[in-house]
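Generate coordinates for the entire structure from the input sequences, incorporating the hints supplied.
Heads up: the sequence lines are chains A and B, in that order. To convert, count from 1 in the first sequence and add 1; that's our numbering. To convert, count from 1 in the second sequence and add 168; that's our numbering.
Calculated directly from the structure, the hints in this document are not laboratory data.
Listed next, the in silico DSBU-like pairs over lysine-lysine satisfying Cα-Cα at most 35 Å (straight line):
1. 450/B - 142/A
2. 16/A - 355/B
3. 307/B - 48/A
4. 541/B - 589/B
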Amino acid sequence: MQASMIASTATQARKLSTEEIKEIEHEMQLYPDKQAVGLEALKIVQKYQGWVSDESLLGISNFLDIPVSDLESVATFFNLVYRQPVGRNVILFCNSVSCWIMGCDKVKAQLSAHLGIDYGETTTDGEYTLIPVPCLGDCDKAPVMMVGEAMHRHLSVDTIASVLPLKNVRGDK
Amino acid sequence: MTDRPLTKNIDLARGALNLTDYEAAGGYAGARAIANGLEPSDVLERVKNSGLKGRGGAGFPTGLKWSFVPKSDDATIQRYLVVNADEMEPGTFKDRMLMEGDPHLLIEGMIIAAYTIQASRAFIFLRGEYFDAERSLAKAIAEARESGHLGRDIFGTGFDFDIVLHTSAGRYICGEETALLNALEGKRANPRAKPPFPQVSGLWGKPTIVNNVETLCNLPGILAHGVEWYKSLGSGGDFGTKLFGVSGRVKNPGCWELPFGVSIREVIEGYGGGMQEGFTLKAFLPGGGSTDFLTPAHLDTPLTYAAIGELGSRLATGTMILLDDKTCPIGMIGNLMKFFAHESCGFCTPCRDGLPWVDTIFRDLETGKGSFKDIDILKDHVEYLGPGRTFCALAPGATAPLGSGLTLFAEEFAAHVSGAKCPYH
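Shown next, in the form of structure tokens:
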């Protein structure tokens, strides 16, 4: 255990799973020091847990033996590291300039009405979280969004509802 | 010989060529030219003579950049090549096409660059959202490793070289090369002070070259077909080809490989098909969100770094964003300011505090709460956030559309105040 971590904090740390450790150790072979693996470790944990909890953050800090404050400064810096729970599918909705010119604000309003959520919110069934994302680099097919790992292009007010299969997602925030 | 060295293999409907097909199409000839006896200094000389300039935005001569790596015969000194594949400039969608469409071209370019600076290890710093590019590159790297194009003694040169594919997690500032290096080291991605420049002290303090994807993709052609061929492509003082793109209300938005010197009109009206019915071109940003507005009066300008520079803007990424007559220019600039405010790393005060202030004023203008004093404050910020006032180029980039927009759209700005609403709504 990390010497610098006080006991009460150390006990809060989650023990990383075998799969998580295996993947993190693979990354450790690619970089000359442990700090460089911090972001990779955050992404690996997020892949398995859905998000990065305080317990996970402490667990990574423990495992890599890097200060939790350093790790948190990285975790909070990046748009795609989630320090709050998110839905099973994260919708990254592009709101940058080319998509804006092509009418993404209206599409977003329609999408929000369809899902019953605004930016930063998750549907009540835990299926979708809606987050704005800077330019997705697909500007000739604007407006665009990404759901999970899949791009959705040429979005329109008329078709946006059919893009996302809805179960029982409507409800209060 | 081809006149489209960057995209000749690209057919997005078919998918990327595998290693065998890439080699059958003449691929890895540039790398084999090295195996036939080119010394690193020979390659450097050729790249210098080719006139290749960095395609990431700044347009700095590639050979000159490489030449800043301290010369040493000591092979034990670790050097690094880093590929800037963090494409995130608003309105820019060119590197995505190269990585998804022809990943072996990038790998071959990396081999040539790494050999020249004698870097045994390279990192591709790829945008986290580019999952398709990640899959395409990972497959190509595995193929290259299996065939011995990566690993020990590649192409029988005695040179060892391998590639690590690093995926980021979404921050525009990582495109700034020193911020990118901090991110790769696992640190918060604030830019570093320069000097020392990365060529001398970069990744983990070692000599490091950071090159853009499109820049590296130029190298295989230069080595395979020669400097004379390369220089015969392009005109107006720039050589080779460039990916030029158009987004906005044109009939056929897209990205095409064209020789330097092609006119803006040919790209927008020819390849882009002109404006959609019912829309006319009001203004455009010639090379992504960090460039100054140009107008239809500039349509016959050739696309070269010098010609666009003379107009007070920048060629930058070469991907143009078009503003039409039905879209509010204040809204467009406000959208860009929101982006820059969000993506400021927060390290230096003018950028961290100035951009959100600018963003707030644009929201006020949009909702009819803006004043003429606000417009003066925006003008002040063009100076306060300009070149030399901040730690890196992010905020100065934001002042490009802001400053040029304040001049070009002065009437629209005033109308938002005097009418107490956006006249486009």
